[in-house]
Amino acid sequence: MIRYSVEEEYKGMIDAYQKAGGDKSVLESKDTAKLVVHQNKVLANDGIKGLKIDTEETDSGVRVNFTIEKGAKIDRPVHLCFGLLPKEGLQEILMKVDAQDNSEVSVVAHCIFPNAVKVIHKMDADINIGANAKFDYKETHYHGEDGGIEVIPKARVRVGKGGVWQSTFALSQGLVGKLDYDFEVFCQEKAVAELVVKAYGRGSDDIKILEKIHLDGRGARGMAKSRLVLSDKAKAEVRGETYGNAPYARGHVDCMELVNGTEAVAVAIPIVSVTCDTAKVTHEAAIGSIDRKQVETLMARGLDEDEAVDVIVRGILK
Amino acid sequence: MLVVENLQLKLNGNSIINGLDLHVDKGEIHGILGENGTGKTTIANLIMGLSNYRPTGGRILFEGEDISDLSVSQRAKKGITLAWQEPARVEGLTVRDYLSLSAKNGSAGQIGRYLLMVGMEPKQYMDRDIDATLSGGERKRIEMASVLAMHPKLAILDEPDSGIDIVALPLLLNGIMEMNRQGSSVLLITHSEQVTEIAHRVSVLCAGKIISTGAPLETSQWFKNNCRTCPHINEPSH
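Protein chains in written order, with the working numbering: chain A, 1 to 318; chain B, 1001 to 1238.
Don't take every hint at face value.
[Stated by the list, open to error] Here's a subset of chain B near chain A, in silico, CB distances under 8 Å, partners left out:
| # | residue |
| --- | --- |
| 1 | 1048 |
| 2 | 1050 |
| 3 | 1054 |
| 4 | 1064 |
| 5 | 1067 |
| 6 | 1070 |
| 7 | 1073 |
| 8 | 1084 |
| 9 | 1085 |
| 10 | 1090 |
| 11 | 1091 |
Calculated directly from the structure, the hints in this document are not laboratory data.
Positions of the beta carbon are idealized from the N, C-alpha and C atoms, including for glycine.
Looking at chain B on its own, in the form it has when it is part of the complex (with noise of 0.2 Å):
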């Protein structure tokens, strides 16, 4: 479904993607590990193709295409969303009409169980606003909900877990695996080897590129017994 071919990008002179290689299935959760720093928000950007986030090499094709042109809208459009890892907030736009545009031919009903199935309870949180007002958890969970509502080809979860307390965060991993199972591949991006247990298979990140692709207890085991420890962060030759 999205088949990534050596993709490069060069901000300033330096080097953030090196010759990335991705395959993600039709089906599939693929989790990325990577330590900080190793370009996973940047894979994410890349992807969905926000602004400044223009590859200077490598392709990016999804079902076959290459979008490696096209806009953030040209790419939802097509299937494919990004759920960030710090949500924008927006002054004046409430949860439920958030959930709508994602949504497009969703009722009221149907969009409060896209909130449920994070955890989130419709009566308290459809007639918030989506700002400053919400808590980082509460945002993300929203925006977790939001990709839910629009049923998306590919599903970009940057960091999904993070921010997230130890109560909501399984909540969130059944919602990755629903979203899943009603038919989204997900690109899963986290530094936590916890949360690379939902998917079928984990790519490890370093400097820009994978260095390692597999099962994920097997990839998570290598990714703490080869990168946790690693004084070499960002330097994959070691």
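Next up, chain A with everything else stripped away, as it sits in the complex (with noise of 0.2 Å):
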């Protein structure tokens, strides 16, 4: 294995990020709260007012205690970027969130595998989201072009009375490879919960994505949101389930899968259940290929076919 000093690994990480289209400067601005981790070394851990962040090196990976005091409103977004730089390797985060009541921040995760061959990135969080708190989550993957990762991203929500969980996870740069998502949410009365999922399939990826709200509450609303293309032998299979089991419980699973060439493979499978007379819940799921007239209209503006398909499924990744 190949040995790094703490300084080449975070300089690497940091080079990554910016190979991948980051924004470097983020990174290594003092006044932002971060958290980068490589494999298991905790390369920089800079905290803020009214946010906390304990680590706790593992010989798989790193644990690590993210809380925002009761009442802290956080300005601007922490950036938490982990990755794995070798070709070969294993890291395992064990988070644990404590978003305290009335608290608010934007949590922006970079997770960076540009040389994977062998891979496996795998999370698992238990997030507690109190009363009237803001958790707002954007997870965003940079792979290389060989596809020997596995990415196994889970996590149990709770979102407290009045509290809102917002999270996107998406994948497009490089190719997806093994991807296992897994987020479930628990709302109480009038909390919100929005799961959004964006991935580009390609080469042999395989995708699996599970989204689970349960609205729990009285008047606890949620949405489930998943926008993947698929290209080449790449398949996929999405569940968005959603369960309105309080008074005034609203709920919306919505799923759209683009299917590009003719060995691509996607699967939508759409769950509502209700439990109360008052709560509704609904899902639209639509699998398909890239609308002609679409690409027709950008080759009319002068772009070639290739590139105004591109221009799309950009569009439906953003």
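Could you fit the two chains together into a complex? Lean on the hints.
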């Protein structure tokens, strides 16, 4: 195994992030709260008033306790940067989040695996969003073109009364490899959950998405949305499940998968369930090819067909 | 600039375009007037070369070259473009991005100018997606702005006035005239005599064939007298 010094590893991570199109000045800024982890090594951990990030390195990754104190409003997004630069390895992130009552934070996670040939990246998160707290989580992956990576993000999220959980998971740069995404959210009274997954599967990518929302409190609202584009021999199965278990709960499952070519395979399984007569949960699932009229609209402005498809795919996954 | 000779299209055994001849000169706004179902949109699609619109006979010449076998992109690169009657909506593509694709080297200010030309406030629209959140009229005006931004040699405008309210219509017509002043020839397809008033010449279409061509006022009047009340739509022999 290649050995890196902490400085080299940090520079390597930042450079890889920039190469993937990220703005490295964000990670270098002293005013930004951030956590940078390479494999099982914590390279940077800069908290900010109202936010505490405790870490513990383990054999295969890192344990993170992420606490936003009661009433704290974190102005700037907090950046998390996880990754693995060697071709092989395992990174396991065990995350515990406590967003205390009335707190507010936006977290941007960058997961960088530019050279992966045989890499496993696992995240197991236990997340608690307090009453009237707001947590916005965006996770973007930057993969290489080998596709030798297995990504397994799992999260259990409890959203307290009037709290808001919004998450977006995006994997559209490089090959996905194997993705097994599993997020489950439990909403109390008037809580809101929005789950969004966007992925671009190519080659022999294998994608499994499970978005599950339990609307357990009166007036809770939830939306599980997914946007996938598949080319080559990629395959995907998306399950969007929403359960309306309380009065006036409102939920929606929205899944769209576009298949480009004849060998990719897309499956969508929306499940909606209501156990209360004033709750309402709806769903829409669409699987189809890229709309010819959209393609020709862009071609009529001078784009080649491939360029037009690329613009449409980027739009869907934006 | 554009010469269409004896163009024919049969779909499922039905003749849609029947030996259509059309000339559009350089710098000309040429109106095509026709009732519903006479083949107006089909002509636009054939000239632009859209999927499923391959002529079964005849030729389409652009600047002297037969373009009948060229793709949509190839035709666009030669300077032809089309504003759809019902423009496509694309999730995640902003008005700014869409206009930038057309105006290859255009700055933000220039792109905004094209929106102003069709009566749209750039600040209000630039960052909106061209998706279902736009009304039909808004989307059509953005389509026109996109054509303006492209500075095509030939703009095919398929019913640019449909779905446009009476306040926005003069702006749209001004946009077309401005496009023409900047050097674009325009094939203006419509069923409205009012819209063809800005044309240099107008042709009347019936059953996929041009049955009359002339000056706008006279031809519009002829269309009004002969086609509006005609019980034999798509039977030109009557």
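Could you work out which of the previously given hints the structure breaks and list their numbers from low to high? 3, 4, 5, 6, 9
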